[in-house]
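Chemist: Protein chains in written order, with UniProt numbering: chain F, 1 to 324; chain U, 1 to 324.
Heads up, some of the hints might be wrong.
[Said to hold, decoys possible] Subject to a maximum C-alpha distance of 20 angstroms in a straight line, what follows is the list of computed EDC-like cross-link-like pairs (lysine to aspartate or glutamate):
1. Lys119/F - Glu102/F
2. Lys215/F - Asp192/U
3. Lys215/F - Glu6/U
4. Lys68/F - Glu245/F
5. Lys176/U - Asp293/U
6. Lys198/U - Glu245/F
7. Lys42/U - Glu6/U
8. Lys37/U - Glu6/U
9. Lys215/U - Asp218/F
10. Lys198/F - Glu73/U
11. Lys215/U - Glu102/F
12. Lys156/F - Glu190/F
13. Lys215/F - Asp293/U
14. Lys215/U - Glu245/F
15. Lys198/U - Asp183/U
These are calculated hints, taken from the structure and not from any lab test.
Protein chains: 2
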Amino acid sequence: MADGSEKNAVVSNKKVIFKNYVSGFPKESDMVVTINKNLKLKVTDDSKNILVKNLYLSCDPYMRLLMKNQRTEIFDPYTPGAPITGLEVSKVIDSRNPELKEGDLFWGITGWEEYSLLKSSEGLFKIHHTDIPLSYYAGILAASGAVGQLVGQFAKLMGCYVVGSAGTQDKVELLKNKFGFDDAFNYKEEPDLNAALKRYFPEGIDIYFENIGGKILDAVLLNMRVRGRIAVWGMISQYNCDQPEGVHNLMSIVYKRVRIEGFAVAYYYPQYSKFLDFILPYIREEKIKYVEDIVEGLENCPTALIGLFNGCNVGKQVVVVASQ
Amino acid sequence: MADGSEKNAVVSNKKVIFKNYVSGFPKESDMVVTINKNLKLKVTDDSKNILVKNLYLSCDPYMRLLMKNQRTEIFDPYTPGAPITGLEVSKVIDSRNPELKEGDLFWGITGWEEYSLLKSSEGLFKIHHTDIPLSYYAGILAASGAVGQLVGQFAKLMGCYVVGSAGTQDKVELLKNKFGFDDAFNYKEEPDLNAALKRYFPEGIDIYFENIGGKILDAVLLNMRVRGRIAVWGMISQYNCDQPEGVHNLMSIVYKRVRIEGFAVAYYYPQYSKFLDFILPYIREEKIKYVEDIVEGLENCPTALIGLFNGCNVGKQVVVVASQ
């Protein structure tokens with residue numbers, strides 16, 4: 001349906017509903033796909049509402065944390081009975097908001113549904129560079145993973161010696177051959193992670209990007225170099241644990257005078273345009289490689305999301321909800 | 001014996017010998033007191049040796065770590081059969097080293113023995129201000145604890161709201177009444193440390209000085225404020241564990257964007273004279289209170305050291321080996 005005719009049409013709206021708080025490993029049945037009928041594609045009230053069509057949707061490990069009934073400083077949990085929310089690339093169908101007009105493309109948090117009615121333009125980033133695949137704005141261009149492949153490439157650009165870890169031999173090859181990591185290993189085939197890290201970092205680790213937690217963090221702590229640094233954005237190995245695993249080797253923080261610091265991407269959004277200036281040339285010149293794992297159809301979201309925790313995805317997990 | 005006649009005398013030399021590596025809780029029998037006879041109080045060879053008489057000796061929790069057969073970036077383990085070593089205040093009896101001459105007082109690492117023969121003056125700090133009790137150079141003036149009482153007072157001087165924790169009601173009173181902490185609690189009487197911290201820090205903790213580890217660290221992590229900071233010098237609760245306890249709440253590092261950094265005092269020794277300029281006026285004006293727990297006699301060292309892990313000491317544990 002062309003843009004012009006889409007507005008004012010009456011459509012059905014498929015949604016992925018969050019059923020209830022999850023304990024342990026999430027299952028597809030923790031989400032349910034429903035269809036609301038008779039959605040009129042027009043903003044009718046006097047508010048600043050924006051009606052949008054969702055195009056690409058990002059599946060991210062942090063979403064598991066929102067499935068727990070736990071409010072934190074950076075996340076509110078999902079609401080049982082309401083659609084899952086997440087980072088998406090969307091197009092404005094109708095708008096009473098001066099910030100976004102019909103036809104505008106943007107990325108930001110919307111619902112896992114075909115159409116969303118947004119109350120404000122806050123936190124939405126208009127897309128200006130459309131020579132890049134739109135799906136990239138549900139990933140690399142929203143500074144939202146798949147983090148590991150990018151962190152390693154950024155580190156290479158800065159002159160670091162980079163070793164990655166992954167859960168299959170194919171991914172190990174991808175890290176080395178496609179992304180240009182100096183080395184990589186399959187953590188599932190290493191019975192002794194401490195020994196593995198000693199092999200790859202005989203002089204110790206200067207910088208560890210922490211997205212795993214648990215046993216890997218414990219082994220990394222033993223192998224940090226004096227005054228090494230650990231940037232912590234996540235601990236995916238712990239998200240399905242009702243009680244997180246204990247980490248034992250924290251005295252390494254003293255022995256090696258390690259610095260550990262947590263961060264969350266949202267607090268860096270004010271610097272987004274600077275990030276774009278940095279990253280766009282690298283993408284255009286293919287100096288940064290970016291691998292997506294693209295699934296078609298909103299109804300496949302639950303499977304795609306759960307697949308993240310089984311390592312099913314190769315690269316950034318994106319679901320195509322609709323073409324423009 | 002006066003200084004003049006002491007030199008050249010032949011004396012016996014009592015020592016506290018480290019027997020063997022310790023697992024679990026250390027016992028007095030892990031150390032043995034021996035006496036070497038016929039020590040001539042004179043440096044006879046051509047080296048830069050220094051013969052010293054040890055006066056005050058510091059008992060510190062970190063010493064437990066040296067009783068494990070584990071080499072770390074900041075500690076070498078004790079040698080079975082050799083004397084325990086530690087921070088002491090000593091007096092030079094005889095010297096062929098131009099840096100230290102007969103009669104000089106200094107602090108630094110020597111042996112748990114009445115007399116030590118030192119091979120070099122490296123790491124020894126000459127004592128110039130003798131209007132202050134000499135034992136202070138085995139503690140506050142060597143930037144070596146008892147750390148908690150001092151950190152809290154420094155924090156008060158900098159305008160912080162300070163809450164301490166201790167293991168007896170008497171110590172809690174000491175923290176509040178003598179050291180001027182805003183509040184303090186007995187951690188042994190708090191069945192739920194998380195709830196206790198919530199009570200004392202309803203708005204969260206900005207700065208935590210970490211010397212405990214384990215369950216307290218876990219509770220602190222839950223109660224950190226956004227962008228809070230944790231300085232880590234030790235984890236005494238773990239030193240007697242063969243396998244350290246697991247710490248579970250590390251995702252708080254992300255949620256609260258916490259910074260954690262380890263340090264070790266030895267790396268700050270180049271700034272020692274600056275520290276003295278800072279601390280001496282506070283001590284002289286009694287604006288910093290300093291409580292010592294002084295025990296007499298080298299033979300009582302093992303009991304004093306082990307007492308640290310039972311909370312027997314009130315204030316800095318010092319052993320007087322000899323008066324000048």
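Chemist: Quickly compare the C-alpha distance for Lys176/U and Asp293/U to 20 angstroms and report which way the hint goes.
Modeler: This hinted pair holds, its Cα atoms lying about 18 angstroms apart.
Chemist: Check the hint pairing Lys198/U with Asp183/U against an upper bound of 20 angstroms on the C-alpha distance.
Modeler: The hint holds at about 13 angstroms.
Chemist: Lys215/U and Asp218/F were given as a pair; does the straight-line alpha-carbon distance stay at or below 20 angstroms?
Modeler: holds, 17 angstroms
Chemist: Are the Cα positions of Lys42/U and Glu6/U separated by 20 angstroms at most?
Modeler: Between Lys42/U and Glu6/U the Cα gap is close to 9 angstroms, so the pair holds against 20 angstroms.
Chemist: Are Lys215/U and Glu102/F close enough, with their CA atoms no more than 20 angstroms apart?
Modeler: Violated, at about 55 angstroms.
Chemist: Assess, step by step, whether the Cα of Lys156/F is no farther than 20 angstroms from the Cα of Glu190/F, and give holds or violated.
Modeler: This hinted pair is violated, its Cα atoms lying about 24 angstroms apart.
Chemist: Going straight from one Cα to the other, do Lys37/U and Glu6/U come out at no more than 20 angstroms?
Modeler: Cα-Cα ~15 angstroms, so holds.
Chemist: Straight-line Cα separation of Lys119/F and Glu102/F no greater than 20 angstroms?
Modeler: Distance of about 15 angstroms is within 20 angstroms: holds.
Chemist: Below or equal to 20 angstroms on CA atoms is what counts here, so check Lys215/F against Glu6/U.
Modeler: violated, 59 angstroms
Chemist: Take a quick look at whether Lys215/F and Asp192/U sit within 20 angstroms of each other, Cα to Cα.
Modeler: violated, 27 angstroms
Chemist: Is Lys198/U close enough to Glu245/F, meaning Cα to Cα at most 20 angstroms?
Modeler: violated, 23 angstroms
Chemist: Check the hint pairing Lys215/F with Asp293/U against an upper bound of 20 angstroms on the C-alpha distance.
Modeler: Not OK: Lys215/F and Asp293/U at ~41 angstroms, beyond 20 angstroms, violated.
Of the hints listed earlier, those the structure fails to meet are numbers 2, 3, 6, 11, 12 and 13, in rising order.
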